[in-house]
Amino acid sequence: MEALVASAIGVLTACGVYLILRLRVFAAILGISLLSYAVNVFLFSTGRLATGAAPILDKYAENPVYTDPLPQALVLTAIVISFGMTAVLVMFTLGAYLEAGHDRIDMDEVEPDIDDPITEGIALDMSAEPAEDRT
Amino acid sequence: MSEISLLPIIAILPFVGALMPGIVIRAGRNACAAFTAAPTLLALVMLGTLAPSVYDGTVYTTHFSWIPQLGLEASFFLDGLGLMFACMILGVGLLITLYARFYLSGDDPMGQFYTYLLLFQGAMLGITLSDNILLLLVFWELTSLSSFLLIGYWKHLPEGRQGARMALTVTGAGGLAMIGGMLILGDIVGSYNLTDILAAGDQIKASEWYLPALILILLGAFTKSAQFPFHFWLPHAMAAPTPVSAYLHSATMVKAGVFLMARMWPALAGTSEWFYIVATIGLITMVLGAVIALFKDDLKALLAFSTVSHLGLLTMLLGFGTKAAAVAAVFHILNHLTFKAALFMSAGIVDHEAKTRDIKQLGGLRKLMPITATIATITALSMAGIPLFNGFVSKEMMLEEATHTVWWENPWIVPALATLGAVFSVAYSLRFIFHTFDGPVRDDYPAKPHDPPFGMYASPAFLAIFVVILGLFPGIADGIVGMAASAVIGETVHPHLALWHGFKPALYMSIVAIVVGIVLLLLHRPLDAAWLAAPRPEAKRLFDDLIRGVVGLTRRVNDVLHNGALSRYLAIFCASTVAIGYLAYSGGGLLPATREMLPTPPLAIVAWALMVLATILVVVLHRTRFAALIAISVIGLVISIGFVYLSAPDLALTQISVETVTIMLLLLALHFLPKETPVESSIGKRRLDGLIAIGSGLGIGALAYAFMMRDFSSISGYHLANSYEGGGGTNVVNVILVDFRGYDTYGEIIVLGIAGLAIYALMETLLSGPAGARLRNSGYNNDRSHDRHPLMMVIAARLMLPIAGVVGIYIFLRGHNEPGGGFVAGLVISIALLIQYMASGFAWTTRRQRMEYHGLIGFGVVIAGLTGLGAILAGTPFLTSWFTYIHLPPIEEFEFATAALFDLGVFLCVLGAVMLMLYSLSRLARHSGETVNTEPMDYDPSKAPTFFEDGYRTEEEGR
Chain E
1 MEALVASAIG VLTACGVYLI LRLRVFAAIL GISLLSYAVN VFLFSTGRLA
51 TGAAPILDKY AENPVYTDPL PQALVLTAIV ISFGMTAVLV MFTLGAYLEA
101 GHDRIDMDEV EPDIDDPITE GIALDMSAEP AEDRT
Chain X
1 MSEISLLPII AILPFVGALM PGIVIRAGRN ACAAFTAAPT LLALVMLGTL
51 APSVYDGTVY TTHFSWIPQL GLEASFFLDG LGLMFACMIL GVGLLITLYA
101 RFYLSGDDPM GQFYTYLLLF QGAMLGITLS DNILLLLVFW ELTSLSSFLL
151 IGYWKHLPEG RQGARMALTV TGAGGLAMIG GMLILGDIVG SYNLTDILAA
201 GDQIKASEWY LPALILILLG AFTKSAQFPF HFWLPHAMAA PTPVSAYLHS
251 ATMVKAGVFL MARMWPALAG TSEWFYIVAT IGLITMVLGA VIALFKDDLK
301 ALLAFSTVSH LGLLTMLLGF GTKAAAVAAV FHILNHLTFK AALFMSAGIV
351 DHEAKTRDIK QLGGLRKLMP ITATIATITA LSMAGIPLFN GFVSKEMMLE
401 EATHTVWWEN PWIVPALATL GAVFSVAYSL RFIFHTFDGP VRDDYPAKPH
451 DPPFGMYASP AFLAIFVVIL GLFPGIADGI VGMAASAVIG ETVHPHLALW
501 HGFKPALYMS IVAIVVGIVL LLLHRPLDAA WLAAPRPEAK RLFDDLIRGV
551 VGLTRRVNDV LHNGALSRYL AIFCASTVAI GYLAYSGGGL LPATREMLPT
601 PPLAIVAWAL MVLATILVVV LHRTRFAALI AISVIGLVIS IGFVYLSAPD
651 LALTQISVET VTIMLLLLAL HFLPKETPVE SSIGKRRLDG LIAIGSGLGI
701 GALAYAFMMR DFSSISGYHL ANSYEGGGGT NVVNVILVDF RGYDTYGEII
751 VLGIAGLAIY ALMETLLSGP AGARLRNSGY NNDRSHDRHP LMMVIAARLM
801 LPIAGVVGIY IFLRGHNEPG GGFVAGLVIS IALLIQYMAS GFAWTTRRQR
851 MEYHGLIGFG VVIAGLTGLG AILAGTPFLT SWFTYIHLPP IEEFEFATAA
901 LFDLGVFLCV LGAVMLMLYS LSRLARHSGE TVNTEPMDYD PSKAPTFFED
951 GYRTEEEGR
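Taken in order, these protein sequences are the chains called E and X. Residue numbers for the first sequence follow this note's numbering, beginning at 1 and rising by one. Residue numbers for the second sequence follow this note's numbering, beginning at 1 and rising by one.
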């Protein structure tokens, strides 16, 4: 079982790292999601694996065995927080894409992707921008 | 005991006082000057109360522990040398305060000036009073910083700014070197206290680290005291207002280096290394400074190079390493202060009144400003070393010492060069007098010169009186010089300073110096022409080139490392992390495994294979973004199942609900983003990235495996044992979240709430900017579906809502004892609401639910916080939970815990944050316009919208 979990963490990490090294933001978001999975499972695994030993106290059981609850508590909040982080990241991505007209990661000067509906829209009519925004 | 605690007060007074001038300037310039003088005077008076016993040989020390782990203590001590310097700093500070009051014009911000002055004074005072060398270093750097502010005080002058930068660069770099030296020194002795270091001179000199420490410390002292080849910053610092020059270059800043050499004299001096480095550099600086000074036409530049020369003289005397030389150095420090401060102030008066300080435009001022001329003449004669003035006495002593000094088995070279320095010293001093004040009155001064008001010449006149008294009766300084010199040397000396030393070689050298000096002055015109014609290295240009070179180099390095390619930084980061991990592994190795592997059921292998396949699919399909999203959702599901199998039901619940909202979020985002990722990186880069990725995966996988196969000790036993008795819950994970680690959870829900608010704020900004315009003009309204709200889905979603609500409440309530809790319940309820948005549309749902999501976040945090505060009211620490069992007749006995209230806060915050995030994203979609049926269930197939070539009409248009 341990080998399976460890190899799963490894595969998740490898694919995550490969994706965050891509040049487009969406790929990087996918990569970060994979890395979040990997990290969460890794943290969870530091409590060592056990089956049938959920940390719910059972006053009727004799010699009850419980797994380590602490990594679980850590991972529980980590899962929720990583969702929040992904959401912020997605919002940044959208903002950058809508402002710059492309979703490249690297900061070199590039032309917007012209075959894109959004940028075509701008080319058509920028005057739709509300007047108060110019002030 | 009361005197002992005075020391830190004295050291802190100027810093406290520095707060005043900026405020008091509103009450006028006089008040400002008075409030600057007050702390200085107070510190001086306090020193005065300590002076008699210091004079008798008492050494005061005060220790405060500051950062004992570093050996840093706020300890101060006061001995003869410190007392002399402290009095000089404060005394001249007072005179400068008075002088500056009249010197600065109404346009100059005087409050700032006095603030900087007091800061600088405090830093200098700190150097002289520190007993801990680390503390001394702190003050040392403070002098560099505050002198930067003072030199660059006239911000509008480019020379001022450049001079300030140069001074900061040179003295700051020296300070860095000195930090290294001081650390070595502290390491040799095993203590950073100056008193211990001074007592361990033999141990230091015997150490093999003596030479590096010496060189590093001397670098600090030499840069500060403008010794060759670092002398060039001092003349450029003359762009400062004259009071600054008078203060920094007579009594304080440049004397800091000399002070340090004197202070460290018992610890470092007396070796041949010390002699050859310090005495040689001092000798070169003395002669070089004197020669250049003769050819400077700017009064302040002349004085600047004269200062360089005199600092060289002091350095050389300290470098000799003999007691008599140390006595001479101490006496000359005092004399130099008196005449040089007065001379700078006189030069400032000339500049102030005649509006020029170019000697070639001056002359004949004796008749126009007799008082200034008298002061300047007296003090300049002292600088020249003419008998009856104090400069003569100490210069005689210097020459006397030079005749006893053998340099590299040559007895002539030091006396000869010292005499040469004295010759030029006489020449430039006399030039200062004759070319400025003597000669015919001219009629082409930029302004009509006259004597300044009393306040302005009071300070230099006061100093000039000292010059004469000390010159006529040097014996009255016996006591103070003896006191300071004893502190330098480390044993008691009783010098006998006298005007007449008898017919000794020094006297003949003085006579030669005066005669040849006068001859040189008479020959000044042809010499000056020759000097101007000769090629000379221009220090400022060299310095500027050096700085430009360094800046260029760093920029090139920076351009290579930080070229804006974020993916490259990441690649470097990942690769080096793996490499470091491998290094650590190959260095330490592994302990043997202590755990047995758990059995692997076939179903687990199937799940594993599914997940690995999905993960690889994400990578393979990542260019078709929608497909990649489908693949990624499989991973989350398998992980949830894995959590169930591996005894983590809470995690499984959380993972599966987070999974749902994440996928919704990504789908929403994908709506706006391009649907495909183009191929951009070369095959080489992809291979390299793949290699890095595989390395990272192998590393983390191996690490996880190594972890899992070994036993460990954990604090979890405590949590398991106390969860029920202490926390009142049987679900240990939940009790940890709401009780044991409640503080962490409290922080986490705040973070989540902030993330939600940040997304909302970003969305608002985006919509009101150019991005909003893009959205409005975009082609997103070319919807792919005729019916945005499929009937079946709308009905099903509405049926689901109450059921999901009940499930959510159930999960919330059971959380303390069974898997569940605020986090999961919040997620479940938000999914139920989100489904309504998806099925019935944004507008429909928003109209029907009136909760403000920001409000939910706020309520959540406040409820959680108040629950925690309630614990304080009950007399227990923040967030301690309390619980009891309640029995209400119709239902079974149940538990009530304050932790449930806290969990309610968590629930509300999670619900609010998740909803606000997705709500914000869908508002973007709404902003891009709706086209087909705006309301759910208003779609009538018999009235299908008219088809136009450019798309579908909106419902409104249809009507």
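Honestly, the hints are just simulated from the structure, not real lab data. C-beta: ideal position from N, C-alpha, C; glycine also. Take these hints with a grain of salt, some might be off.
To be verified - Example chain E residues on the side facing chain X (calculated, C-beta under 10 Å, incomplete): (1) A6; (2) I81; (3) G101.
As the list claims (entries may be wrong) - Chain E stretches covered by chain X per the calculated footprint, using a threshold of three residues with CB under 8 Å from any CB of chain X: (4) 36–50; (5) 87–100.
* Asked: Which earlier hints can't be squared with this structure?
  -> none
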